[in-house]
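Peer 1: Single-letter residue listing:
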Amino acid sequence: MIMETADQAAQNPGCRRALAELLYQLADDELCLGHRDSEWLGLAPDIEGDVAFSSIAQDEVGHAVFYLGLLHELGEESPDRLAFFRKAEERKNAVLLEQPNGDWARTMVRHVLYDAFDDVRTEALVNSSYRPLARGVAKIRREEHYHLLQLKPWFIRLARAGGEARKRVERAVGEVWSEAGGFFSLGDEEEEMIRSGLIACGSEELARRWEMRVKPVFDEAGLTWPGLPPAPGKDGRRGEHTEDLTELIRTMSEVVVTDSAARW
Amino acid sequence: MREKGVEKLEGCEIRTEYEVFEVFVQKTQADPHIHVGSVVAPSPDMALVTARENFLRREQAVNIWIVPRDEVHATPYDDPDWFAREFDRKYREVGGYSENGRLWKRYRERAMHLEDIVRDLNGTPAGNSGKRDGGKGS
Numbered sequence: 001m002i003m004e005t006a007d008q009a010a011q012n013p014g015c016r017r018a019l020a021e022l023l024y025q026l027a028d029d030e031l032c033l034g035h036r037d038s039e040w041l042g043l044a045p046d047i048e049g050d051v052a053f054s055s056i057a058q059d060e061v062g063h064a065v066f067y068l069g070l071l072h073e074l075g076e077e078s079p080d081r082l083a084f085f086r087k088a089e090e091r092k093n094a095v096l097l098e099q100p101n102g103d104w105a106r107t108m109v110r111h112v113l114y115d116a117f118d119d120v121r122t123e124a125l126v127n128s129s130y131r132p133l134a135r136g137v138a139k140i141r142r143e144e145h146y147h148l149l150q151l152k153p154w155f156i157r158l159a160r161a162g163g164e165a166r167k168r169v170e171r172a173v174g175e176v177w178s179e180a181g182g183f184f185s186l187g188d189e190e191e192e193m194i195r196s197g198l199i200a201c202g203s204e205e206l207a208r209r210w211e212m213r214v215k216p217v218f219d220e221a222g223l224t225w226p227g228l229p230p231a232p233g234k235d236g237r238r239g240e241h242t243e244d245l246t247e248l249i250r251t252m253s254e255v256v257v258t259d260s261a262a263r264w
Numbered sequence: 001m002r003e004k005g006v007e008k009l010e011g012c013e014i015r016t017e018y019e020v021f022e023v024f025v026q027k028t029q030a031d032p033h034i035h036v037g038s039v040v041a042p043s044p045d046m047a048l049v050t051a052r053e054n055f056l057r058r059e060q061a062v063n064i065w066i067v068p069r070d071e072v073h074a075t076p077y078d079d080p081d082w083f084a085r086e087f088d089r090k091y092r093e094v095g096g097y098s099e100n101g102r103l104w105k106r107y108r109e110r111a112m113h114l115e116d117i118v119r120d121l122n123g124t125p126a127g128n129s130g131k132r133d134g135g136k137g138s
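From first to last, the protein sequence lines are chains F and R. Going by UniProt numbering, the final residue of the first sequence carries number 264, and the count climbs one at a time with no gaps. Going by UniProt numbering, the final residue of the second sequence carries number 138, and the count climbs one at a time with no gaps.
So that you can see chain R by itself, here it is in the shape it has in the complex (with noise of 0.2 Å):
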């Protein structure tokens, strides 16, 4: 728990400490937030207030998080570990599906006509006369 610095008054927190807020900040509605630092702040209100002027002086931006760095879950920087990754994962990465770039390339490139849209549903490919089995839950 955080007591630290908090005080009860009139039935309301006030608190006397500062403490550290990260900011996060959302440029457009179609944006992730991103993380761009922090503030110190005596309260998430008063974060918030002071996060806008020191991140947003000049930028647009349509929303910001502050988050209390407390609150934040991290990693341990001295368990390398964490992160351990021995064996080949390159099944993992783009790079290593070397046929990727081509087969999206052809099938850009098809052009779609009803007839195929319907065939496609039915589970059958074009020009393959042959009796494909069901498709859906196997």
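For reference, chain F alone in the conformation it holds in the complex (with noise of 0.2 Å):
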């Protein structure tokens, strides 16, 4: 069933649902590194990433500001209201991306890995029974292209630089694979949004297409490919999170609980 509006998706209370649940998702992810990315600023290793890379952080932030437009017009709260007030059990982001950097290498290894799972997914929701989810996906994706331009060669130079550029790849990659499963769980909704046709494909498929995706960029960085990585032991997508988010959640809104009434 083809939803043209907010108020055709809200007809049904369980497609409702999946799709809120879905945008929850989508919104969190992209707010969380968008957030972590934005953490770069000034600090990058030549003043011309610095820039470019700080572009990524405000089109990660943009485009969740898109997924919670769209949480808007299904009746939630305003945009600003879900980005800061929400608590930490109540967001749906994958647990990775609410941890800190680290060094240049683990936070150039974690978003390709993100990036790729990104492409994944959105590409399982150019086809979204939500049109105006389709439509905005479809845009995003155009962007997502450039990151994958910059950040891409990052990750392959650093890998084959050798030396300690190269032995930090390894640590990074090492860190991160426990958490990287968390990217694939869609929640208790999964179900639900396969029937609606909210998503063309669930999380194993989504993982086999990651791996697709990501196993080759590994061969050219002359990476050994640790294979899928597993479950996570805490599931964002469930609202298990760590303190690094409520860390996270008290920076990015500490201007704004000063006053959150002011006017900007």
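Please keep in mind that the hints were generated in silico from the structure rather than gathered at the bench. Each residue gets a CB set at the ideal place from its N, CA and C atoms; glycine is no exception. Incorrect hints may appear among the rest.
Selected chain R positions facing chain F (in silico; Cβ < 10 Å) [claimed, not checked]:
| hint | residue |
| --- | --- |
| 1 | 18 |
| 2 | 22 |
| 3 | 25 |
| 4 | 27 |
| 5 | 42 |
| 6 | 43 |
| 7 | 47 |
| 8 | 49 |
| 9 | 50 |
| 10 | 53 |
| 11 | 54 |
| 12 | 57 |
| 13 | 61 |
| 14 | 64 |
Fit chain to chain and form the complex, with the hints in mind.
Peer 2: Okay, structure coming up:
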């Protein structure tokens, strides 16, 4: 069933619930990563890369705003309220994305792995039965293309440079792998998401497609493929998170909570 | 040769040092590439990527060139005679042709009829019954 508007989606409560669930996952992933990216402002290895990476941070936050806007149309709170005032346990991002950046190598490794996942996930959404989502995702995919153009060479360059850089990349891969499996979970509403045609495939297929995308990049970087990551200890899609997310929300909303009624 | 900072690694060149790339931006397909500044980058592909965000954050373009600064050949600043032009070359400047404006105006105002075009092609100016010799190749 094709749904052109939020009203149409709201007519079926099961479908409406699955759609909101999916949108929270999308929004929270992008918001967390966008915020973490922005923490590199002024600190990236070179000034040109600093400017370019800040643009990526803004893009990710922009994508989050789009998804939060769709949620607002469904009757949820305003994007600002959703971004700044939801508690950690209400958020649906993958746990890996709430973790602190670590060094530049770890930032690049996590980003490349996530971008490949986001590519696979948005690909499964371009024909979504919820048309406003399908249309927005088509635009987002065009912006994500540039992100991979920028970040993939960094990943490969660091890994192939040998010495300290390679050591750090290998360490980063080891560190993020235990949580990377959290990307693929679609949470409790997975079945309904597929039944309603909101997303084209389930988490197992997403993981399989992701592996097909990422393995060649590992080959190019001269890294050993560690195999598909295991299911994570905490499933962010079910609201399970770490202290890192609490800290992230506190930092991100530090200014707005000083006077939540202020106009900007 | 630019060997500094270049290492061979598994048959693949990996530069470990940055170099300067000059950046040229083309706004539309009808425009020339205009020099806008430079970036430092470890490779041409990275230079292209960072050039986009450093020079086109808010503006649209259709194409970017980056050129290693070492590949730019330039005239010397300390040889002023390179640009010496000591004698009168006014004839090279548009201003040197004071008649031009008036002639252009007359040319544009002249209504072109089919007969005029045929006459032009035959090399016979309008209102001139005198014979002209050929035209082509003379």
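Peer 1: Work down the list of hints and note, for each, if the structure agrees.
Peer 2: Quick rundown of the hints versus the structure:
1. A distance limit of 10 Å between C-beta atoms decides the matter here; for residue 18/R the minimum to chain F is near 7 Å, and the interface restraint holds.
2. Interface restraint check: residue 22/R against chain F, minimum CB-CB distance 13 Å, threshold 10 Å, status violated.
3. Restraint check, residue 25/R versus chain F: the minimum CB separation of about 15 Å is more than 10 Å; hint violated.
4. Annotation: interface hint on residue 27/R violated; nearest CB of chain F at approximately 19 Å, more than 10 Å.
5. At about 7 Å, the closest approach between the beta carbon of residue 42/R and any beta carbon in chain F falls short of 10 Å, and the interface hint on this residue holds.
6. Interface restraint check for residue 43/R: the shortest CB-CB distance to chain F comes to about 7 Å, inside 10 Å, so the restraint holds.
7. Taken as an interface hint, residue 47/R checks out: its beta carbon lies about 8 Å from the nearest beta carbon of chain F, inside 10 Å.
8. Interface hint at residue 49/R: satisfied, since its Cβ lies 5 Å from the closest Cβ of chain F, which is below the 10 Å cut-off.
9. Below 10 Å, beta-carbon pairs count as interface contacts, and residue 50/R has one with chain F at about 4 Å; its hint therefore holds.
10. Because the closest C-beta pair between residue 53/R and chain F is about 4 Å apart, less than 10 Å, the hint holds.
11. Hint status for residue 54/R: holds, given a least beta-carbon distance of 5 Å to chain F, under 10 Å.
12. With its C-beta approaching chain F no nearer than about 7 Å, residue 57/R sits inside the 10 Å limit, and its interface hint holds.
13. For residue 61/R, the interface hint is violated, since its Cβ never comes within 10 Å of a Cβ in chain F; the closest pair sits about 13 Å apart.
14. Using the Cβ-Cβ criterion of 10 Å, the hint placing residue 64/R at the interface with chain F is not satisfied: the shortest such distance is roughly 12 Å.
The earlier numbered hints that this structure contradicts are 2, 3, 4, 13, 14.
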